[in-house]
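Please model the complete structure; the sequences and the hints are all you need to start from.
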Amino acid sequence: MVDKNDIQEYIKHLPPTPEILNQTLLYLNTNDLTKAAQTAKKDRALSSYIKSLVNKPIYGFKSEITNIAQAFSILGIGLAKQSLYNYSLSLLLPDRWRVFTLNKALFYDLQASLSIGWHKILQYLDVDDSDIETAIILAPASVIICESLFQDHIQEVNLLKSSHNLSYNEILYRLTSLDLFDISAQIAKIWGMSKASQELIIAFKKASAQPQINILAKWMYLLLFFEFSKSDFVEAGLNDFIEFKPDFVSDIYEEFAKLMDIT
Amino acid sequence: MRAVIKNNIGIFTPQGFLDGNNTQAFFTLDDIKATEHLKVEMLLVSLKKVIFFNKNGIDTFVQFLLKMRLKNHVIIGFCDYDDKKYIAINSFYQDKLTFSLFKTFEIASLFCSSFNAKTKTVLLYHEDPSQRSAMAIELFERGYNPIISQTEDDFKQKQKNDAKYDFIIEDTYLNILGQRIATKVKGNAIIYTISGFLDAEIIENFDITYHNSSLHVGFRLFIFDAYKVISINIHALRFFTKLSTSAAEYDAVICFAGMSFEKTPIKFQEELEDSGILFFDSIDIALKENQEVVKLSRSTVSKSAKRSLSRVVVQRLPEFINAVITTVEMMTNIKAVKKSANIQPITIDKHEGELLSSSIGFYGAVDGILVLVFPINLAKKSCELLIGENTDNVDDILDALAEFVNIIGGRIKTLLRDYDLDIDITLPRTYANITNLKSAVENKKGVQVDLSFENSDFIFFLTR
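Chains as they are written, first to last, in this note's numbering: chain D, 1 to 263; chain V, 264 to 727.
Hints may be right or wrong, so weigh each one.
Take a look, some chain D residues computed to stay more than 10 Å from chain V by CB distance [said to hold, decoys possible]:
| id | residue |
| --- | --- |
| 1 | Met1 |
| 2 | Pro18 |
| 3 | Asn29 |
| 4 | Thr34 |
| 5 | Lys56 |
| 6 | Leu91 |
| 7 | Ile190 |
| 8 | Gln198 |
| 9 | Ala207 |
One-sided excerpt, in silico: chain V residues whose CB lies under 7 Å from chain D [unchecked claim]:
| id | residue |
| --- | --- |
| 10 | Asn270 |
| 11 | Phe280 |
| 12 | Asn285 |
| 13 | Phe290 |
| 14 | Leu292 |
| 15 | Lys312 |
| 16 | Ile314 |
| 17 | Thr595 |
| 18 | Asn596 |
| 19 | Leu648 |
| 20 | Gly673 |
No wet-lab data here; the hints were simulated from the structure. Computed from a prediction, not measured in an experiment: that's the story for all the values here. Just so you know, even glycine gets a beta-carbon here, dropped at the ideal spot from N, CA and C.
This is the structure in structure tokens:
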């Protein structure tokens, strides 16, 4: 079915991030929002993506955001960087979804919900780090990877899942000794994302040497399942794409439930 | 969401958060249909991977399960929860539970006829004396040794010596209603569990198509586990005599184990014996006698041996073979090479001890038996993905091979549905001993396809 070669091929054929996007990121890394906006504006697809993203109801802005400069200044460095990486991710979207019943609009909704949820969590935890803020994009990245790797084997995988309670992630790991988080971390590295981002996604399964990364990993993991439990994403088949381990997050659950108003 | 079958229990494992807004999304119409067709004793929802639920969330699952119980007479409930979840569910329903609660899947398995851990000691406690008794009776009748704690203090005290008990049951609630006749396979025998007052309803609750297909597949011994039968009336008597007569055509034997005739006229026993039904004190004794029964049946050419594959099955043969090949390829990541295809009785060149095998029957619009013969190394490799590790334990490999052939049965079912052919599949059988396999399909002509996976010879054999 899927083997290590398929993964290597997949990573090898990832499209490079557009040059304008790289330049915009450089300006954002030096806190120069104005130059970042001016650069981003040159790529119409990028600026259109960011405008449509920030105008989603979940961002809660009262009036329509009509230009990139306005969008960046409202978003701030962290969310602006995140939106750029989310755009990179949108370039990897498959033409046709077969494993998950997703579409572009629903995937963008997932990105937006995760971004806003993660921003809320970081504010609550008093973490002001744009590298950490961008790390959340790796969660939906793993959905795209899963779709791409399994879409030609959907029948076999479904049969396997029907006989054994295995998640896509577990099937991939058993086949290749690599899981979706390993691959997401590799993509993060290729895209020049911070080491902290890579460590955070790996900390879902293997504790990091840095205690703060482990705590953040728990919050991100729980946020991921909170979103995957929403009816649209359950219907899309995302609920069981990775295995949920309640024990991993039991110590932060009460705080999370309070923050997210879960009753 | 689809149920995964284990120990004759269908288990759903939702993850994350369950509330009134999302739980409907877990079941599509196809999922509901697929669940209706499951042949299981229990349908459970595992809460192991659920971190939050509310009343509305649980209620959606309850309504779904109740519909399934109405249709299929299965035991329904929830399992794999902690104290907090148990208290929450009880508070939602305020002592009006219409389903069972099993603290763990293992505890649920104790109340399922296919779980084989008899003669084990079980410590149990429930604050409600009637629940304590109900559980103890059910366990005792299944051959366990239940120890009941009458008070919580006593239970806690006994729990300290947990090494004395094979299983400890707490936070469990039994609501066993509407059970249909449960089926399990033990060795070469099919065991049906019957209980209570047997009347005309048995005709409805007994899956005659499944029984007939099991005869076709090669099962020759059928034991009715009748420990819990209180009495039999004339309608049930006629049903059993008819069943025995039709079984005789296949040289098959029908037995009753543990049946007491205290409340049933003794002449009924004579009539049943006259029709060929044998009576034994226990299943174990019936199984011991089975060795002879199986030998006898093997020496006789049954009518089923002369049946040939139907035209529809032959037409779909390439797809059948493809289903097997792609599944083995998926499990092993090894490409198949087709060596030969012939119509013949099964021919196996390799020696005993080098091969393992599994088979599954299908019946309905078309019927047949699919046999797969694996070299041990390929069997291990094929099952690694299911087991999750490399193992040399033959029992584990055989269990996984049973699941493996079940997957293929599922594929064939889907494949035939595309041609408007509805079939059901039997329980899978496995053979550690190739002589037994040969006996089961001897004199049967079929399509044998020899394949090779990295020089490991693999046999696909389809017969009827």
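Cross-check of the supplied hints:
Against the 10 Å criterion, D:Met1 falls within the reach of chain V, whose nearest CB is about 4 Å from its own CB. At roughly 35 Å, the least C-beta separation between D:Pro18 and chain V is larger than 10 Å, which holds for a residue marked as non-interface. Distance check on D:Asn29: its Cβ is at least 35 Å (rounded) from any Cβ of chain V, clearing the 10 Å threshold; non-interface status holds. Listed as outside the interface, D:Thr34 is consistent with that label: its C-beta sits roughly 42 Å from the nearest C-beta of chain V, beyond the 10 Å cut-off.
With a least beta-carbon separation of about 19 Å from chain V, D:Lys56 lies farther than 10 Å from that chain, consistent with its non-interface assignment. Listed as a non-interface residue, D:Leu91 keeps its Cβ farther than 10 Å from every Cβ of chain V; the least gap is roughly 29 Å. With a least beta-carbon separation of about 26 Å from chain V, D:Ile190 lies farther than 10 Å from that chain, consistent with its non-interface assignment. With a closest Cβ-Cβ approach of about 25 Å to chain V, D:Gln198 is found to remain outside the 10 Å limit, as its non-interface label requires.
With a minimum CB-CB distance of about 20 Å to chain V, D:Ala207 clears the 10 Å threshold, and the non-interface call stands. Checking V:Asn270 against chain D by beta carbon gives a least distance of about 13 Å; that is not within 7 Å, so the hint is violated. With a cut of 7 Å, the hint placing V:Phe280 at the interface with chain D holds, because the nearest CB-to-CB distance is about 4 Å. Hint on V:Asn285 holds. Least Cβ distance to chain D is approximately 4 Å, under the 7 Å limit.
Because the smallest distance between the Cβ of V:Phe290 and any Cβ of chain D comes to about 10 Å, over 7 Å, the interface hint for this residue is violated. Nearest Cβ of chain D to the Cβ of V:Leu292: about 12 Å, over the 7 Å cut. The hint is violated. Contact between V:Lys312 and chain D, as hinted, is supported at the beta carbon level, the nearest pair being about 5 Å apart and thus within 7 Å. For V:Ile314, the suggested interface contact is upheld, since its CB lies about 5 Å from the closest CB of chain D, less than 7 Å.
The closest approach between the C-beta of V:Thr595 and any C-beta of chain D is roughly 9 Å, which is over the 7 Å cut-off, so the hint fails. This hint holds: V:Asn596 has a C-beta 5 Å from the nearest C-beta of chain D, less than the 7 Å allowed. Given hint, V:Leu648 at the interface with chain D, holds; its Cβ is 5 Å from that chain's nearest Cβ, closer than 7 Å. Interface hint at V:Gly673: satisfied, since its Cβ lies 6 Å from the closest Cβ of chain D, which is below the 7 Å cut-off.
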